[in-house]
Each structure stands twice: as C-alpha cells, then as structure tokens.
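**Q** From first to last, the protein sequence lines stand for chains A and B. Going by our numbering, the first sequence opens with residue 269, and the numbers climb by one from there. Going by our numbering, the second sequence opens with residue 2, and the numbers climb by one from there.
Treat the hints with care, since some could be wrong.
Said to hold, decoys possible - With beta-carbon atoms standing in for the labels, derived distance ranges:
| hint | chain 1 | residue 1 | chain 2 | residue 2 | range |
| --- | --- | --- | --- | --- | --- |
| 1 | A | V518 | B | A19 | 46 to 56 Å |
| 2 | A | S573 | B | E69 | 45 to 55 Å |
| 3 | A | A328 | B | E69 | 52 to 62 Å |
| 4 | A | A329 | B | K40 | 15 to 25 Å |
| 5 | B | R31 | A | F576 | 23 to 33 Å |
| 6 | A | L597 | B | T29 | 28 to 38 Å |
Unchecked claim - Residues from chain B that keep clear of chain A, each with C-beta distances beyond 12 Å, as calculated:
| hint | residue |
| --- | --- |
| 7 | V17 |
| 8 | A19 |
| 9 | R47 |
| 10 | F96 |
| 11 | E128 |
| 12 | L156 |
| 13 | F183 |
Hints are computed from structural coordinates only; laboratory data are not their basis. Virtual Cβ for every residue (Gly too), placed ideally from N, Cα, C.
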Amino acid sequence: MSLSSWFVERLALDRFRAKYLGKPFPVHSTFFFGEIALFCFVLLVATGVYLALFYEPSAAAVAVEGGRLPAAYASTLAIDATPFGALLRRIHHWAAHLMIAAVLLHLLRVYFTAAYKRPREVNWVLGLALLGATIAASFAGYLLPYDQFSVTATAIGYGIARSVPWIGPTLADFVFAGQFPSPETVPRFFAYHVILAPLALAALVAAHLVVVLKQKHTEFIGAAARRDAAEGRWIRGIPLWPEQTALMGVLFLVIVAIAAALAAFLPVHPSAFYGPPQPVTPDVKPDWYLLWVYGALRLIPGTLSMRFLGATIGPEAIGAMLVPGILSLIIVLVPWLDRTPASLYYAESPLAGPRRLAFGLAILTLFLALSLAGFGAELGLGVPLLWAITVLAPVAVALGAGALTRRSLEHPPAGGAARP
Amino acid sequence: MDRRRFADWSLKAAIVAAVAAVIPGVLTLRGRSRAAATKGVEPGDRLVFALGQNAGQAITDGSFTQNEAVLAYPEGKSDNHENLVLVCKLDPAAFKPPLDIAGTAQGIVAYSSICTHLGCTVRFSEEPMDQAPFPHIHCPCHGAMFDPQRGGVVLGGPPPRPLPQLPIKLNDKGEVLVAGPFNAPIGVKA
Chain A
269 MSLSSWFVER
279 LALDRFRAKY
289 LGKPFPVHST
299 FFFGEIALFC
309 FVLLVATGVY
319 LALFYEPSAA
329 AVAVEGGRLP
339 AAYASTLAID
349 ATPFGALLRR
359 IHHWAAHLMI
369 AAVLLHLLRV
379 YFTAAYKRPR
389 EVNWVLGLAL
399 LGATIAASFA
409 GYLLPYDQFS
419 VTATAIGYGI
429 ARSVPWIGPT
439 LADFVFAGQF
449 PSPETVPRFF
459 AYHVILAPLA
469 LAALVAAHLV
479 VVLKQKHTEF
489 IGAAARRDAA
499 EGRWIRGIPL
509 WPEQTALMGV
519 LFLVIVAIAA
529 ALAAFLPVHP
539 SAFYGPPQPV
549 TPDVKPDWYL
559 LWVYGALRLI
569 PGTLSMRFLG
579 ATIGPEAIGA
589 MLVPGILSLI
599 IVLVPWLDRT
609 PASLYYAESP
619 LAGPRRLAFG
629 LAILTLFLAL
639 SLAGFGAELG
649 LGVPLLWAIT
659 VLAPVAVALG
669 AGALTRRSLE
679 HPPAGGAARP
Chain B
2 MDRRRFADWS
12 LKAAIVAAVA
22 AVIPGVLTLR
32 GRSRAAATKG
42 VEPGDRLVFA
52 LGQNAGQAIT
62 DGSFTQNEAV
72 LAYPEGKSDN
82 HENLVLVCKL
92 DPAAFKPPLD
102 IAGTAQGIVA
112 YSSICTHLGC
122 TVRFSEEPMD
132 QAPFPHIHCP
142 CHGAMFDPQR
152 GGVVLGGPPP
162 RPLPQLPIKL
172 NDKGEVLVAG
182 PFNAPIGVKA
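Here chain B stands alone, though its shape is the one from the complex (with noise of 0.2 Å):
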C-alpha cells in the first residue's frame, strides 16, 4: 500500500470511528427511563388523597358524597404522575356501557386524570353547566369533555380517545382498592 492510500483509508476510518464515538454520547440525551425508580399503578393498591389537608390519607367511601369527585394515587407512589386518578362517585344506576361496570363498587368509579389530549389533569364538573351534560369530566386546557357514567368516552372536544378507566373496589373497611390495571394506555399516545 502506497502512502497517499494509506492516509486515505487512515482519514475514512478515523471519521467512521469519530461518528461512532458520538452515537452513545448523543443518545444520552434521552435521558433515564424512570420506569425502574418509579412505581406504576397495581392491583391491592390502596387509593390515597392527592391533595389537601387530608393528602396521603386513605379515600373511602365516606370521603365523599354523590356527583363529587377527589384527585387520588395509589399509596407511596405519588412520584409518578401517570398514577394519578380521578375518583367519582355518581349514581350507579345511570352507568351504561362501555363503562366496566364490574370495575365499579358503591357507585365509585376511577379514571386516569392524564387527558388524553395533551396531558393536563382534568376535572369533575360539579355544577350542571347550561352547554355540557351533567355529570361530565373536563379539561381546562383545550376545552375535552369525558363522559364518567359511559367509561369515559369522549363527550366533545379534540381528545382522539376516552379516559382510561381504572378498575376499583372497596375492602371491608371501606376504603377504595385498585382491583385492576388501567384499561388504556394512559396519556398522549403518539
């Protein structure tokens, strides 16, 4: 191999390795995945109030009366945002499908509070208001509305899917139980 081709090949393999070199560094950016640090939502978990005076203590069915709602997450695992719940209580006998009925005890029923729009926490409209149905879940930033006695399905607005539904159930205390894993996936879904 003459020298001019030995610089050559030298220069192509030294950018070849340069760009290799930069790939791992590049994809740190990404940032770590916080799946190992933090906990998702599982069956036995016991709701727990999100806010307020009484916030880490545990919701029952007494915490609240018909057509209120409370922001919930599961027990010790507040540092997730995608856990935290809305928790209705409503009159069952107006619930219809889709709503997982199963999933509701006492007229309580959970719904992820991540809209599925853009991922703003949404509320429980406690007043009947003159333009929406009655009860409705909203989101105050791009004006959702969610049904929460038909599963969550879209009442109006630019949300693409319903709210995910968190299956629920009380334990002889009285106290709200997560019976399954969400049935969505929660939040903005590319």
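Chain A with its partners taken away, still in its complex shape (with noise of 0.2 Å):
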C-alpha cells in the first residue's frame, strides 16, 4: 500500500477529489489578478515574519555606535545590515505595491465585465473590503521603521483623523495611542500591521474564495462556450487538479521572481537615507495609490469649510475624508446602481454597456486626474487649471466614452462581435 492511499483511505479523500479537484477555472489571462493578489499576501507574510524576528517596536532610544537612535530605528538598519536582510525588507515593500496594484487591477476586470451584477454583489463589497484593508496594512506599515518618512507619513495620517468632525481628537486618541508622535504608537501600530491585518486579511480572503468556490466565477462568452450551452454543458475551464494548480505555482514563483528583481534593483524606502525621526518635514508625497488623496487635499483652499451641526468641517476632513468618503460609497454602491439585466453565469464585453463604460472610465479618470494635481507644483501647473482638469477630464471621458460605444453597438463593426 502506498503511502498516497493510505492517506486517501483514512481521510476519504476520494469524495473530497471528485468534488472539488475537477473545479473548473477560466483559462483568460485577465483572471489571474484576484490570484496575483493572493500571492503576494503569502510573499507578504513569509517575509513578514523574517523581518519581525528582528525587528524591534520600540521608539525609546538606544544607543548605537555613534550616538543614540529610536530602538524601532535601529534595528531597521540592522535588518538592513545583514546579508539577506535588505532584499528581504525591499521584497516586503514591493509585495505590498505589487498587491494593492492587483487587487485594483482585478476590481478593474470585475467592474468592466460587470462581474458585479447580482448574485456576486456580496463579493464586490468583500473585495473592496480587502482593498481597503489592504491600504489600511499598508498604512499601517508605513510607521514602522520609524525614519522621518515613516514618521511625517503617520503625523499627516494622524493629523486627518484629528480633522474628522466632532469626533476627531478622540478617534486619533484611540487609533494613535493618544497624540502622535508618541512612544506608544510604535507598539499599536506594530500589532495593527504584524497581528490585526494579516487575520483580517486572511478572514476576507478565505469569505471572498469560499463565494467564488460557491458562485463559481463568471467566464467570457465566445463560439465554443455558445456552442457548449447548446450541447447542455455549461461550466468551461481548465480543472484545479492537475492544471490549474501547476499554472499558479508557475504565477507563484513568477511573481516571487518579480518581487525579488524589484527589490535588487530598484531601492524601495531606503530607511538610512531619509535617516531618523527629526521635528522637521522632509519633502513627502504618498505612495501612488493614496495619491488622488493627496491631490484633493491640496486642491481644496482653506476658505472651503462648512458648519454642520456644530461641528466645522475644514477644508482637510473635505479632501481626506468627505471626497474620498463619498467615491468610496459610490463604488460600493455600484451593483445597486446598475439596473441592467444580470447574467447568472456569463462576464459581459466592457462595450456591451455604454453606461458602464462611461461611468468607469469616468471615476478612473477623476482619480488620475486628482494624482496629477499632487504633482501641480513640479509640473508648473496651477490650481485653478488643475481644478478644470479635475472637473472636466472625467466629464469628457465619460461623454466621449458612452457616444462612442453607443455607435459600436448600433453600428457594429463588420466582422467583429462587439456585442456578445
């Protein structure tokens, strides 16, 4: 008896085999992002617990060869110090970019093949929650190897949310440890991103595969899939077992591989250079996917505040919270807001809803648009100018968008299926 059936025997893992190894999975390179993204937590977390075998959260000072510095600090450099340390750190950072750019690009895909639609609109919010805890572990991260980048980032994070009307003070007091910069922060922040994120992570990322495991994903309709429905056979892909699962551990390693070249050769956050914890502001931008942000915080004019029941809503809890507040409920909204018929099994072509189309590219642009404005001082441009691009750009886009594809539906190009 082999050692493989003596297992199978005592687990019954014949029954589990025939139920879930021959699960289909659609073969298209655009469904690959949800998988990227899973990967790179795991490249995340593997590296993750290297570094916080060293890593020290503490902001007392210690001393080190050639004056005292913050313990946190310190042992930063000294990770940085050893052979493998370095690469390991930048691995870390890179993951974490290469993450957030999956999980946008796989809510790309979902948006524009309107995966959304009713009954995947449990995913669609369960996936924009691992979006914005994804940010949130990023954020949190930020702080910890406590040089002056880390620092100003978190004082501007901390100064956002003492911005928040009527409870601002308090809810920075219970995020922050009380005011930041503080010595109890490192601490919080270290159990935030070493303990809290990766179990919230992991509970969203088991509750959004177990709705696909039960939904199953949506796949692209061409000839063979119209031809297959015919002959009573819906379901198209290629089985977990054995194929799909050699394709991730290919996209496993490729993404390893990815991460790894990064980190070699493009420095990520080099801590010693932007050196320790300091009163003064270094000239700080956020990482690009909290950009749009920083573009509407400058952008806003401190004349722009309103009363509200007592409380004053400035011109800073305008730009961080209400705009990026009010984009954030619209998206979550999204699969209400859509009133078009659904498809139970079928991703439509982004062409086949003009509306669609137009609204996405509409809110893609308003946030590259409000990107640019961070850049406003290096490009020369000014804020009214970069105001009517913000205003105007998304406007246009969805205008040009939608009348275009409204013709490619009426007047499909000869040849072509535009419309599936």
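Reassemble the complex: the two chains are provided individually, in unrelated frames, and hints are given to aid placement.
**A** This is the structure we're talking about:
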C-alpha cells in the first residue's frame, strides 16, 4: 500500500477529490489578478515573519555606534545590514505595492465585465473591504521603520484623523494611542500591522474565496461556450488539479521573481537615507495609491469649510474624508446603481454597457486627475487649471466613451462581435 | 419566580455585566494622556535651537540675520512636539496687523511651526520665489503658505486657520524669551 493511498483511505479523500479537485477555472489572463494578489499576500506573510524576528517595536532611544537612535529605527538599520535583510525588507515593500496593484486590476476586471451583478454583490463588497484592508495594512506598516519619512506620513494620518468632525481628537487618540508622535504609537501600529491586518486579510480572503467557490466564476462567452451551452455543458475551463494547480505554482514563482528583481534593482524606502525622525518635515508625497487623496488635499482651498450640526468640516476633512468617503460609497453601491439585467454565468463585454463603461472610465479619470494634482507644483500647473482638469476631464471621458460605445453597438463593425 | 424566568434574567444580567466589563478595557485603548508627562510653553521660557550643532543653546538677537528663521523649543521641553516654534527675523517696518506687534522684538517674531492643515512642520522661505510673495512661511506637505509679517495669515493653499503666534521678548543678554501663550490652539483642529 502506497503512502498516498494510506492517507486517501484514512481521510476519505476520494469524496473531496470528486467534489473539489475538478473545479473548472476560466483561462483568461485577466482572471489571474485575484490570484496574483493572493500570492503577494503569501509572500508578504513569509517575508513579514522573517522581519518580525528582528524588528523591535519601540520608539525608546537606544545607544548605537555614533549616538542614540529610536530602537525601531536602529533595528531596521540592523536588518538592512544583514546579508539578506535588506533584500527581504525590500521584497516585503515591493510585494505590498504589487498586491495593491493586483487588487486594483482585479477590481477593474470585475467592474468592466459587470461581474459585480446579482448574485455577486456580496463578493463585490468583500473585495472592496479587501482593498481597504490592504491599504490600511500598508499604512500601518509605513510607520514601523520609524525613519523621518515614516513618521511624517503617520503624522499626516494623525492630522487627518484629528480633523474628522465631532469625534476627531477622540478617534485620533484611540487609533494612534494618544497624541502622535507618542512612544505608545509604535507598539500599537506593530500590533495593527503584524497581528490584526493579517488576520483580517486572511479572514476576508477566505470569505471571498468561499463565495467564489459557491457562486462560480463568471466566464467570457465566445463561440465555443455558445456551442457548449447548446449541448447542455455550461461551465468551461481547466480543472483545479492538475492543470490549474500547475499554473498557480508557476504564477507564484513568477511573482516571487518579479518582487525579488524589483527589490534587487530598485531600492524602495531607503530608511538609512531618510534618517531618524526629526522635527522638520521633508518633501513627502504618499505612495501612488494614495496620491489622489494627496491631490484632493492640495486642491481644496483653506477658505472652503462648512458648519454642520455644531461641527466645522474644514478643508482637510473635506479633502481626506468627505471626498474619498463619497467616492468609496459610490463604488460600493455600484451593483445597486446598475439596473441592467444580470447574467448568472457570463461576463459581459466591456463594450456591451455604454453607461457602465463611461461611468467606470470617468471615475478612473477622476482618480488620475486628482493624482496629477499631486504633482501640480512640479509640473508648474496652477490650482485653477488643475481644478478645471479634475472637473472637466472625467466629464469629457464619460461623454466620449459613452457616445463611441453607443455608436459601435448601433453599427457593429463588420466581422467583429462587439455585442455578445 | 419559576426556573425559566430565572434563567432568562440571569442571561440578560450576564450580557449587561459582560458589556459593562468590556467598556473600561476599550477605553484604555485611548492611550495615556501626555499632558501630565510633558509641559507646554510658558511665559519666561528661554527659546533654544531645536536642531543642528547649536541644539539646546539659547537663541539670541545675534543668532540670525534679517530674513532668516530657526526652529526652536522652549528650553527643556523638547519632548512635546507641539512646543516646536519657528523664530523668524524680519524687517519690523513691514509688520502689519493682525500681527501682535507687542509680541515681537527687534523684528523677531515666533509662530507655532505645526501647520494648521495637517500638522507638518512649516518652513521659512529664505529666498524670494517667482510665484510666492516674500517673505513667507510654507508647508512642504500640501502647499500651504502663511504671511509672517501679518500674524501668520493664510496666503494660499489649504490651511483653514492662521499659524498661531507666540509672543516673545528679549532679555538683557539678547536671549529670546516667551512673553505669553500662543494666541490660538496648536495644529489640526476638528
């Protein structure tokens, strides 16, 4: 009796095999973004465990060669000084960027193929929660190296929390463990980043995957799928074992290779270069995925504020809370705003819904325009011009995309299949 | 009371007790108040250099020339970030209200260096620039600009309030002393 059959017999794996290992996976390159995000998360946990073995979550000053430094910063420098430490720290940092990028691309794929429609609203919301949790985890991790750059970024986050109407100062005290910069914030953020964030992300990923398992993927309908449907076979794709598993293994190694190559050649977040925390503020910009909030903060003038139920909603609360809050709410509500009929099995062509395409591209343009506003000073663009771009570009893109798609639906190009 | 009612009430009381027991625990998450551990700016404090090789030494009238500024702390109180002040030396002839001119001396004027927008440390622009008036104080974070000759009023950008001014005076050795409290709350306000 072989070892594998010993396990098969003991654990009754035959039933498991029959039920799950044949699960079909769609073969389309845009369907891999979710998996890539998951592989980045695995890589983050693996490298994060290594970093946590050396990192010291404390802002207390310790004696090092040439003076005294905060313990967290000193331990970060010590990690950088070990043979693989700097590489693994950068892989960790790059994997976080790759994960957010993969989640965003996955989100765009789901949106533009209308895969959020009934009955998949649950996973739309869970997916957005995953995006929020990923960004929150990154923000919490930002403070940990405790260099000049990290402390400045976290101080701005503290200011944003303080500016929330009514509850701002209390909220900021709860999240940052008192007034920032405070010695209590580092252990607090260490716990957020190393315990709470991975637990929350793992739970959300599990829920997201269970729902996919239950509801199945959407799939693109092509000639072959149409033929299969006529023959009564609905679900197309390659089985989980062995084809999809082999693909996933290769994809994971590719992600590790990309993160390692980026880490080897592009030094991300050089803590030794930024130096220990100082009372001065360096020229900082947030990472690319928060540039739009930064742009909004630069665009909202100090004169714009409103009074509402006894609270002053100032320009900082408008730029960092109200604008992102409204945009997030609109995105969460997309499955309920879209009233077009839903298909249970098939993904739609991005061109099949002119309104969906126009709205999606407009929101995307708005994010890009706000990010551009973050570079207004460097590009020599004035605030009025940036305001004009932010307001007009999304409208122009929406009108243009909507009109073009409508035309292509009414006059389908010869030979092409614009409408599934 | 029958057994069913007793079990019912026990359960309800247990839930109330559990919630009540959790509240003080949750409240500890707020973090300890640092007001007791650290001190704010008080009249009579000597301002000392916050940075550089002179850090900790008193700032005097002769420490800087006109259109220069330094970051300072009240002596011995550098552990409270909100105490950080920007001490500027300007042309006193250009001072205009709402600047508290009585709180300046020999063209020296002090402001909280915590930006009223989101709490970054502001900078004094030592060189005239094309797009901005001179002299001005700016914030590297979101492009705030303040006028140090007019009480820190907002010249442009997103800050909702002027920079709080710290009245100062000089003692007979020319050292910069705090003459009174900040004229407004420090930093970000809800």
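**Q** Would you mind marking each hint as holding or not holding in the structure?
**A** Comparing the hints with the structure gives:
1. Separated by about 51 Å at the C-beta atoms, V518 (chain A) and A19 (chain B) satisfy the suggested range of 46 to 56 Å.
2. Separation of S573 (chain A) from E69 (chain B) is about 33 Å and departs from the stated range, judged on CB atoms against 45 to 55 Å.
3. Between A328 (chain A) and E69 (chain B) the beta carbons are some 35 Å apart, a value that contradicts the proposed interval 52 to 62 Å.
4. Evaluation of the 15 to 25 Å hint for A329 (chain A) and K40 (chain B) yields a pass: the beta carbon distance comes to about 20 Å.
5. For R31 (chain B) paired with F576 (chain A), a C-beta distance near 25 Å keeps the hint of 23 to 33 Å intact.
6. At about 32 Å, the CB distance of L597 (chain A) to T29 (chain B) agrees with the hint of 28 to 38 Å.
7. Every Cβ of chain A is farther than 12 Å from the Cβ of V17 (chain B); the closest lies at roughly 24 Å, confirming the non-interface assignment.
8. The Cβ of A19 (chain B) sits about 21 Å from the closest Cβ of chain A, beyond the 12 Å cut-off, so the non-interface label holds.
9. Every beta carbon of chain A lies more than 12 Å from that of R47 (chain B), the smallest distance being close to 18 Å; the non-interface claim holds.
10. Consistency note on F96 (chain B): stated as away from chain A, and its beta-carbon is indeed over 12 Å from all of that chain's, at 22 Å minimum.
11. With a cut of 12 Å on Cβ distances, E128 (chain B) stays outside the contact zone with chain A, its closest approach being about 16 Å.
12. For L156 (chain B), the condition that its CB be more than 12 Å from all CB atoms of chain A is violated, with the nearest at approximately 10 Å.
13. The claim that F183 (chain B) lies off the interface holds: its Cβ sits roughly 16 Å from the closest Cβ of chain A, which is beyond the 12 Å cut-off.
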